[in-house]
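Asks: Single-letter residue listing:
4 protein chains.
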Amino acid sequence: MTQSLEVVSLEPTPDQWRWSFGGGEPLLTVAPGTVVELTTEDCYAGKVRGVDDLPSVVCQFPYLNPVTGPIAVEGAEPGDTLAVHLVDIAPARDWAVSSTFPHFGALTTTHSTAMLHEPLEELVWLYEIDRERGTCLFRPRRGGPEVELPLDPMHGTIGVAPASGEVFASITPGAHGGNMDTPEMRAGTTAYFGVNVPGGQLSIGDGHCRQGEGEVCGTAVESAMRTVVVVDLVKGGGPAWPRLETDEFLMSTGSVRPLEDAYRVSQHDLVTWAAELTGWDRLDALQLVSQAGLAPAGNVVDTNYTMVAKLAKRYLPGATAADGVHERLRATAAAYLAQR
Amino acid sequence: MTQSLEVVSLEPTPDQWRWSFGGGEPLLTVAPGTVVELTTEDCYAGKVRGVDDLPSVVCQFPYLNPVTGPIAVEGAEPGDTLAVHLVDIAPARDWAVSSTFPHFGALTTTHSTAMLHEPLEELVWLYEIDRERGTCLFRPRRGGPEVELPLDPMHGTIGVAPASGEVFASITPGAHGGNMDTPEMRAGTTAYFGVNVPGGQLSIGDGHCRQGEGEVCGTAVESAMRTVVVVDLVKGGGPAWPRLETDEFLMSTGSVRPLEDAYRVSQHDLVTWAAELTGWDRLDALQLVSQAGLAPAGNVVDTNYTMVAKLAKRYLPGATAADGVHERLRATAAAYLAQR
Amino acid sequence: MTQSLEVVSLEPTPDQWRWSFGGGEPLLTVAPGTVVELTTEDCYAGKVRGVDDLPSVVCQFPYLNPVTGPIAVEGAEPGDTLAVHLVDIAPARDWAVSSTFPHFGALTTTHSTAMLHEPLEELVWLYEIDRERGTCLFRPRRGGPEVELPLDPMHGTIGVAPASGEVFASITPGAHGGNMDTPEMRAGTTAYFGVNVPGGQLSIGDGHCRQGEGEVCGTAVESAMRTVVVVDLVKGGGPAWPRLETDEFLMSTGSVRPLEDAYRVSQHDLVTWAAELTGWDRLDALQLVSQAGLAPAGNVVDTNYTMVAKLAKRYLPGATAADGVHERLRATAAAYLAQR
Amino acid sequence: MTQSLEVVSLEPTPDQWRWSFGGGEPLLTVAPGTVVELTTEDCYAGKVRGVDDLPSVVCQFPYLNPVTGPIAVEGAEPGDTLAVHLVDIAPARDWAVSSTFPHFGALTTTHSTAMLHEPLEELVWLYEIDRERGTCLFRPRRGGPEVELPLDPMHGTIGVAPASGEVFASITPGAHGGNMDTPEMRAGTTAYFGVNVPGGQLSIGDGHCRQGEGEVCGTAVESAMRTVVVVDLVKGGGPAWPRLETDEFLMSTGSVRPLEDAYRVSQHDLVTWAAELTGWDRLDALQLVSQAGLAPAGNVVDTNYTMVAKLAKRYLPGATAADGVHERLRATAAAYLAQR
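Residue numbers (full-length UniProt numbering), protein chains in the order written: chain A, 1 to 340; chain B, 1 to 340; chain C, 1 to 340; chain D, 1 to 340.
No lab work stands behind these hints, which were simulated from the structure alone. Since the structure is predicted, the reported quantities are computational estimates derived from the model, not experimental observations. Yeah, the Cβ is synthetic: ideal placement off N, Cα and C, and Gly gets one too. It is possible that some hints are incorrect.
Output of the computed footprint for chain D on chain A, the stretches with three or more beta carbons under 8 Å from beta carbons of chain D [what the hints assert, rightly or not]: (1) 16 to 28; (2) 113 to 125; (3) 164 to 176; (4) 257 to 263.
Here are the simulated EDC-like cross-link-like pairs (lysine to aspartate or glutamate), alpha carbons at most 20 Å apart as the crow flies [to be verified]: (5) B:K313 <-> A:E146; (6) C:K313 <-> D:E148; (7) A:K313 <-> B:E146.
Whole structure, please, built from the sequences with the hints as guidance.
Replies: Structure follows, in structure tokens:
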């Protein structure tokens, strides 16, 4: 396999960043199976560089959450499955930032959960990133102990062009993926998206050095990233909602409001998927998922909320998802890493 | 400590079962620190014993989800913290059951999410419990592979008498605890409840051999249990919502609707708690929880939905929750188990 | 009819007020068809008497929202329909009050929609009531025009004992009625409740000189009331959720969270009811309600939210609800008012 | 004024219909104050013409809900207020249709409220429209009485191009307007939209002969329309969410999920608006709206739910909204109708 490894690079300049999913021409077109080495800027478009850079001052709405892409995949047609394996996600700088943001987050009044309170105070936290030791350092702004947290890099935003000609801001998660903000989107994961337009049009951004489930303050440990993905195509079988696979788990996602509907969407998809993969009746799959499934929050702050439904593959005897593409992409990733 | 170990037994007869939290006389009164060996019946009141025992036929509403208790704790006054350490939860039989139930569950129309659909089919699953091997066996009703799942026993229902003289059915979770249905309520966990009435009035029931997060079909692997708890009291500091502690984690819960409000309640409590324990400003605690917190669903099927907010204690330097009672109860549990 | 008019009086002293639905002995027992002249205190238990009486200071939680009752109705058995016709609701004083209340209302963080904001400012408004002219005078606290509003007296809280031995605080609305806070509960309306316990146990309180739909700040123009009701009984036919009837409309209510579920419950009940009364298939009734139904909010501030589903009786040809008891009670009311 | 009355016509052919808000070139550009006589097709794109035309068969997703437009208004810049006065809305045919639709509506499982039920039966109702008598005739499909309902024509869908380059399907309501499905959008109403892009880009469609609040089955009495609007511009003052004005009422809208957030958005906007117009402090405006405001549902079926917050202008002494444009447009409408 290594002899045929196609590797391309995608390092967009700021004028090439995109701010939405859907519309626009691809920035890159690749054959299925291509390894793409790409760079992403952070959700602040790199403008918050210290604790005095308040996002509401230095950022210019709506120029938030730039994404790298779209990457068109040759041969991808509506109804197909676009598979993206995350090979490596490496912080590009030795610092990262997080912040509150006026009227954004789960524990504050927002544009949608409109109330008469003044916004919470806007604060920025600067994290030191130690790539050698694999840590990021939390420094409280107003005293108290510092905490060293393990790096667990992931991408908050990844997805394809929506159906029906819709164009969504890159901060919106949905059936097309987008800003799902789940920590499960780490290296080692393969994400599956249903293709809605020719080429699929994959974009990726919003790197996080790590993120708690729900992203309760509204932002993670935000960082520019140097990321490697393998992009592949499975003909047909495009899922209605993004799905994830790791060596150990299958996962379905749902990104709607209220949060119980995001739970319903993700669990419904996982139950249906489990039934298809095993031959179980859907009520039998419902029963198994009820006893063995996990349900972590993705985000509870974005324009849609995201829940993840997660099931260990060892509880799905004989099941092979998406024609086994995850295994193949793992091999591609290993070959790439061996020769890098 | 072992010389002073107080151990009492509580094995209610069916006419002693209770069906609600609040009201009624205690079934047992104990001194703080007492080990209680108790039995609980399953949520079907033991009436579903095979796949032909449809709950809607053999159970008599509202006689569902019996609880054992209340157990009054001497000296417990409103505002105090009732601490319950789960020492051991052992399935009492070599079988357990689960089922769908008409108009109950997350993927079906219900009493509250009222729709015009007919109910989903009512089905019962019988699990074989192998206590030696620590497994329960899932047998699909309509073909396909069987799956052996690890036992992970827990109690779906545990709580105290509500405030303000309210009486809630045992199937309702809330600020008093109750039917939270979180898999975190396993042996090794200490649960903290705010005391609302003299004695606190602890009740416990709804044992599960294991349960997925969210309990999507509405029921877990339901089983009668032989359970051992240590009941203790911390003067003052009663939390507004139930909290949990294990050797590794602190957890807050929220049980309301919609699910994002359950998320908000649990995260708000965890943020506030973390700030108190470390001396951080609340916004600093918000930031840390945003990056390091977990947010698994408890239940998304009961009269209130439950979310759990979970933080590793290693990220809270120097923090000691509830006067360190968890550590003391771990020691009591060890002493008990050593002499059992 | 006038010769048989049974009229009784119920003027509870403060020590006789109740604070919940369910539990406790009846304060009065009446035969079906009895006219009851009763008094109710306001939701502040009469303690807020001027703009300097902050509720959080002068009121003592949970002693809020006293109700008058319970009134047991002879012969009422579980499954029956308790019918309450509101004959007259008259403000008892020449002033009334409203207020914000810390962490209560739709546009503020609350106990359930927990956020990190400080509470909104607590303010009290004193209204002058002019019973002759039928007005209440709004005086802004911080300048700007005063507004004279028409009196439209109603009861925020009315209901029966809940099922299954539950006891709910009087501020909670639900299937038993309770604190639904809908402006439709005015004189001329007949309310129907499903009986859950012998006698039904009707209680009433929380008079409002008027109220907007949703009660957005959390309180209405709160007033002690002198109220006249006729209490009657229809054997069987107890509705799952409270229903209302006026000369012009049938109404169903739903009181749950989230608000779309309250909408679903109320519309589902109205569709089902319309089908029963006309002989339409349920999908035909759904179609008619879709085109001719109204859907005003009741409250969006209490522990459950209330939606009302409302259909003009002229769109239900030949329909007679609840054995025509509304017409009979209108006649009783007219006879009472004629002789008063 | 009549001498200067500019009247233009817009009758798009099917290939000119649009299916989204945002993107694309204007179909017409007009000066502020222009009267536009336009035609709209129904939400089924005219393909459902009898009870045997099942929408899921004859319609081709996503070609649903065509809109007429966009109409660019000369001089409209982001931040301005686009005012649209509805002069006349007349059914174009002597029949109209309604239907259930698989997995769409408030009382059925949907794409978002995902459940395991089969869809409800798909049924079509054909209404006879009598324009002379002003009625539409409901014929139940399965027996029972027919009902004559009054015509109350309105447009379910009206709005402008969204901000930030987003493109939303015409079935989605939001801050840009769109498919709000409120019966308040009838002749005599002026709608205000915040302009997001040069020209504003107004589109209109989805005529309803009448509609219940909430549109519970998912569709109204759907009809092609011959509609007359006056399109005008107020520099600055663009509202965050669509607002409405009639001779009697001011209204704010909110279109998000869950429904309580739509309520919050609409009430928050109305409170803020009332404060601005009267000089009241926002808490005083909150108090007045709490007692005098109305809160009918718009839709509880679309991709966002819509609530309307409604306040009689007589309770806002001295207030003039949007520079009095509603009064001026009423005069323009009268002049147009006089000369038609």
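Asks: Against each hint, give a clear statement of whether it holds in the structure.
Replies: Each hint tested on the structure:
1. 16 to 28: holds (count 4)
2. 113 to 125: holds (count 4)
3. 164 to 176: Since three or more residues must qualify, the claim that chain D covers the stretch 164 to 176 of chain A holds, with 6 doing so at under 8 Å.
4. 257 to 263: With 3 residues close enough to chain D, the hint holds.
5. B:K313 <-> A:E146: 14 Å, holds
6. C:K313 <-> D:E148: Judged against 20 Å, a Cα distance of about 13 Å means the pair holds.
7. A:K313 <-> B:E146: 14 Å, holds
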